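2 protein chains.
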Amino acid sequence: MPITANNSSRKSWLDVSNDSDFPIQNIPFGVFLTKDDVITIGTRIGDYAIDLGALQQLNYFDGIELTDDMFMQDTLNDFISDGKKTWRLVRNRIADIFDERNPQLRDNASHREIVIFKMDEVEMQLPVMIGDYTDFYSSKEHATNVGKMFRDPENALLPNWLHIPVGYHGRSSTIIPSGISIHRPMGQTLPNGQKTPVFGPSQLIDFELETAFITTDANIMGENIPVHEAADYIFGMVLMNDWSARDIQKWEYVPLGPFLAKNFATAISPWIVTMDALEPFKTKGPKQEPMPLPYLQIKGKQAYDIHLEVSIEPENAAPTVVSRSNAKYLYWSMSQQLAHHASNGCRINSGDMMGSGTISGPTPESFGSMLELTWGGKNPIKMSDGTERRFINDGDTVSIKGWCENEKVRIGFGEVCNKLLPPFSGK
Amino acid sequence: MPITANNSSRKSWLDVSNDSDFPIQNIPFGVFLTKDDVITIGTRIGDYAIDLGALQQLNYFDGIELTDDMFMQDTLNDFISDGKKTWRLVRNRIADIFDERNPQLRDNASHREIVIFKMDEVEMQLPVMIGDYTDFYSSKEHATNVGKMFRDPENALLPNWLHIPVGYHGRSSTIIPSGISIHRPMGQTLPNGQKTPVFGPSQLIDFELETAFITTDANIMGENIPVHEAADYIFGMVLMNDWSARDIQKWEYVPLGPFLAKNFATAISPWIVTMDALEPFKTKGPKQEPMPLPYLQIKGKQAYDIHLEVSIEPENAAPTVVSRSNAKYLYWSMSQQLAHHASNGCRINSGDMMGSGTISGPTPESFGSMLELTWGGKNPIKMSDGTERRFINDGDTVSIKGWCENEKVRIGFGEVCNKLLPPFSGK
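Heads up: the protein sequence lines correspond to chains A and B, in order.
For the record, in the first sequence the residue sitting at position 63 is 126 according to our numbering, with numbers rising by one throughout.
For the record, in the second sequence the residue sitting at position 250 is 313 according to our numbering, with numbers rising by one throughout.
In short, the hints are calculated from the structure, not lab data.
No incorrect hints appear here.
Copies of one chain are not kept apart here, so a pair can be met inside one copy or by any two copies together.
Taking lysine to any residue pairs in the SDA-like style, the calculated list, with each CA pair at most 25 Å apart, reads:
hint, residue 1, residue 2
1, 211, 387
2, 347, 366
3, 313, 213
4, 313, 214
5, 211, 223
6, 464, 239
Please read these numbers as outputs of a predicted model, since none were measured by experiment.
Next comes chain A alone, as it looks inside the complex (with noise of 0.2 Å):
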């Protein structure tokens, strides 16, 4: 089936303007709150949120099977379980209500005043239940920069990590959509030079520049993905803040893996960017060598030219940008990191998330954590307030954008901010 909904010298007749992560060749999915307290499934072009659960019931996807409520719920987890066949036809019939030759909404005031709303008019919620979040490691800039920084500067990358696309499991509970604030976690940490540890305010809060993808329903249990398959079992991609608490991890992550200094706040972008809109931005990734193993082997381009930024916000001033990424730097690609997952028959199910892990470039500005922007806190970064920055302070709102751009058209993600409290005060 043609993905029409690309067409890139398509217009809609709602107003988009041309830095627009949003124009009508993007159509993500997103589940919003309306300002009458009803939850729907909705899209964005523009600075517009559409109801879809309205437009279904309006009959415009009409000789589109899907179920009666399929919109009118509050996550996107059964409309995803339905396959790429059917995120297709939908994402394509949008693109055609909203088209400006199309006078079927365009020219109906009573439908419009249902269907659209302004983005400040909606609260964004987690666009999924997630019920399984795993989280990979596979950039090896950084973690080439961690294994320099903790373990040995001459041998810094595991003897693994060129053959594993490394990943470990992650909370789902605290996982959160932009905007919400989050409290500075308490832990036990080991005072430098000390025995014994304490426990209180982590001293060392930073931020982890991450992309992540939504699968849908792939395997039974028992079963294995092909990798030259798994392409078909993600959904789309958000924009992800891993927040991590690095002396908490320090002191607890032998030999288990981090937890609490992660498990605290994971951050994602409300809109989940679908994989057919992100189709002309495949690029190649890193030469990948040594070979990885058959199961791992596949050609072609892997990779998402996808810019990224970081920006630290303080209280009362302007925001910096810290970070100038791109996750085409990747080592492991989408497709490796889910055929790996299902390698053992790990069932995956529609809504599962996959972070891609820090996401760090060659040069020292593109790198995707404060630890490594300030060399563990050696080199601070100057804030527009003329304020230092080794990690992040309470206060501080952090934002990470993302985006493809060609000469054609601009796709992007939005945002994913949120705000460091103080601690919370604690039962």
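We have chain A; now place chain B onto it with these hints.
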């Protein structure tokens, strides 16, 4: 509110053999499918499964505030969300209904026919929708044994172990109830003495003898759970087999912890035994030295005297008991585990599951995995048919049993029992 359901002199009008795990003093909660394909929440007395949905429809729970369809659901999550007071009211009421002196249901043949099934007529399901699954590592003997084998025999216990109830996140999508067979997983391993990994069936499949507890909604994100309140948020316990692939684990686990070595299958016993039923079996755990940090300090009996037994049954031979252990050997208590888990503000929901970690006791017969029992495969164990086991063979069924016992009553968990099949043929 008194826990009258625990009255040890009470007898049921249903037949219960003397060695049953499920006397009227137990009253566990589970979910089952009847032969008419109806899913319901139920309890068990002796060898009878009791349909609590039917009991509710017949008004046996009148006077207890419950939503209309509380027990006509396919998971216990909503019931668990109702909290300890409701759990007690319902459990006390069930004890009353089945008390030999109560004629209400006993003498009503048409009601009995709707409510009571023989255990072999029903099919047990997962009792809860597990949102997040965490596995701890709380047996000092297990952590020491593993440290001796894989790291430094002189410093087997890592420096953080005596200060932190070490834990990590697991995968919810592959948690299965007793009775489901599993496939030997494929995976990457590094053959001894080699520098390049291979991909193939794991050669070192192991069980891990664990218990697990199920939580109720305990906090909002950012909020901690004081260690003295933690017990209020624990609904009950199950037996757990944390199936493991040791060769995959060894190669993949640095630095982010075990991943595919664990997430191919985690099995639990289907009846959740409530903490109320286990109350008479509280006992003192091991002395904690050094003293834990204040947020983990709690006095009194915090361990549970639960006898545990693992057996291996080859395809055409009688089962052989390979381990006899006890949950009281665990160094960190469940209250400490839960308080630690939420100490950074991590949100705990109804239906979350937390495993104890492999329970090894002080003697070699009480070790909780083949890795320890055979000391890395060096000392194979003889089966009833004369064959030997270093790890688990295709066709073997591994069963874990668990029960508490005093002079008055026996409260048991039944078993968790799964057969290992050859690798899935692959796609």
